[in-house]
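Chemist: Add chain B to chain A, keeping to what the hints say.
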Amino acid sequence: MNGSTNNHSGVSLQVRGLRKSFDGQEVLKGLDFEVQPGEIFVIMGPSGSGKSVLLKQLIGLEPPDAGEILINGKSIQSPEITSQYRLAMVFQSGALLNSLTVGENVGLYLSEHRLKPPEEIARIVAEMLETVGLKGAEDKMPSELSGGMKKRVAIARALVIEPQLILYDEPTSELDPLSSVVIGEEILQLQRRIHVTSLVVSHDRDLAFGVADRIAVINEGRILTIGTPDEVKRFNDPLVQSFLHADFKREP
Amino acid sequence: MFENIGELILLFWRTLLSLPLAWRQRQKVFDQFYEIGNASLLMVCVLSFFIGAVIALQTGPVLVERGLASAVGGIVGIAMAKELAPVLMAILIAGRIGSAMAAEIGSMRVYQEVDALRTMNINPVHYLVLPRLLALAVALPMLVVFGILVGWLGGAVVADTNSHIAIPFQAFWANLRDVVEVKDVVNGVFKSFCFALIIGVVSCHQGLATIGGPRGIGRSVTKAVVNSIVLIVIFDYMLTRILLK
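Sequence lines, in order, name chains A and B.
At position 186 of the first sequence the residue is numbered 186 (this note's numbering), and the sequence of numbers has no breaks.
Just add 1000 to wherever you are in the second sequence, counting from 1, and you've got this note's numbering.
Next up, chain A with everything else stripped away, as it sits in the complex (with noise of 0.2 Å):
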């Protein structure tokens, strides 16, 4: 991730066969699919499903026990890829360091590799808390910020790095549909400006369909179906289809 490279342009992703298994339960069952570079994949399922386990695999937090996962087919475990690469993450609690204010977390990655000097980091800083509409906020901690705040911030961290894979966790958990339509909002302006392949991990159906290009169901560790929103919105199969109409059935 600390990459010289100016290149913005997103990697593709390759996973193939992954599996994963915790006290013998297994969570992913061999999963295949492909990311094509500058592509917004949604990976959608009930809860439980695997997915935030999906995510830290595919950003290296955890080994896999079986297959492999590439960026630009390179595996993802091989020590160059950090320095090749760059890669970020969004996570679901926003995961902002609460010792730091907004604006050391925003400019933690620069300022912890030595990236450029302190003015250029705050000036870098305030314009990325700008493009996330939290314009100012360099100086509160994250214990001050709204949830949505703090998928925010999440995001403009993520956005300094100038990512070539973003991987959201859920971005719209917890927050109410006018932030969602907002982060939905950042995710697709972020790939046009800088064409970064993104993966979002969600349950979200309105999210899920506003912003993909292709999306992938996946329930008890197996993928589903994968397709475009409307190929998987055709999908004719029981879990998918209750899984994308499920409602409220209020008696009368």
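Warning: the hint list may mix true and false statements.
Stated by the list, open to error - Sample of chain A residues at the chain B side, in silico, Cβ under 10 Å:
(1) Gly67
(2) Leu87
(3) Ala154
(4) Arg157
(5) Ala158
Derived by calculation from the structure, the hints in this document are not laboratory data.
Virtual Cβ for every residue (Gly too), placed ideally from N, Cα, C.
Modeler: For chain B alone, coordinates are given in the frame of chain A:
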């Protein structure tokens, strides 16, 4: 605890390897140092004064009764410098600072802040462990030197004011200076340096190994303090044997 010895050694080794980055982390080292000093100085002062006082109170009347009044200063001096100040200050710091370190890093682990660091290619050992270990390794020996001096003062005050002992202040100090050598204080300081490394590594390891939610953080804090104290006592014996030679 013992199943984690390998992980503790590995964490210590990784922290040693990251020492060249210490200058870059100086602000964090200073912040931690300030935190440790600020949180502990008053407690160290009170604890040391009364430990010195109680040694004088326990030994003074017995020695005076047997005509060995001149030994009281030496006993208080040696006991504080070589054993009590290093061990008790280390136990105090394990409880006060080690627990805070385990809780802070543990909560960062549980709330994915450590994962966020790793996704930014920031090594948690460099960012979290190194500054804490360095600050402790400097702060604890300094607190122990301070504790030794205050402990001697406590012993001297009791020896002077207690009617069963009644050794004048100057006589107490003269005896202490006769018996205690610089190397005794250096031994105590060296021990405290080793204890600081134990507390830092054990507490940071427990923090980084935290799993689960708030209950997991609580478990890590308890284990950090208990394991640190057990290792301090074991290493105290081993270091004393080595330093006696």
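Chemist: Each of the hints needs a verdict: does it hold here or not?
Modeler: Taking the hints in turn, this is what the structure says about them:
1. Gly67: This interface hint is violated because 21 Å lies over the 10 Å limit.
2. Leu87: holds (7 Å)
3. Ala154: holds (8 Å)
4. Arg157: holds (8 Å)
5. Ala158: At 9 Å from the nearest chain B Cβ, alanine 158 of chain A passes the 10 Å test, so the hint holds.
Comparing the model with each numbered hint stated earlier shows that hint 1 is the single one that does not hold.
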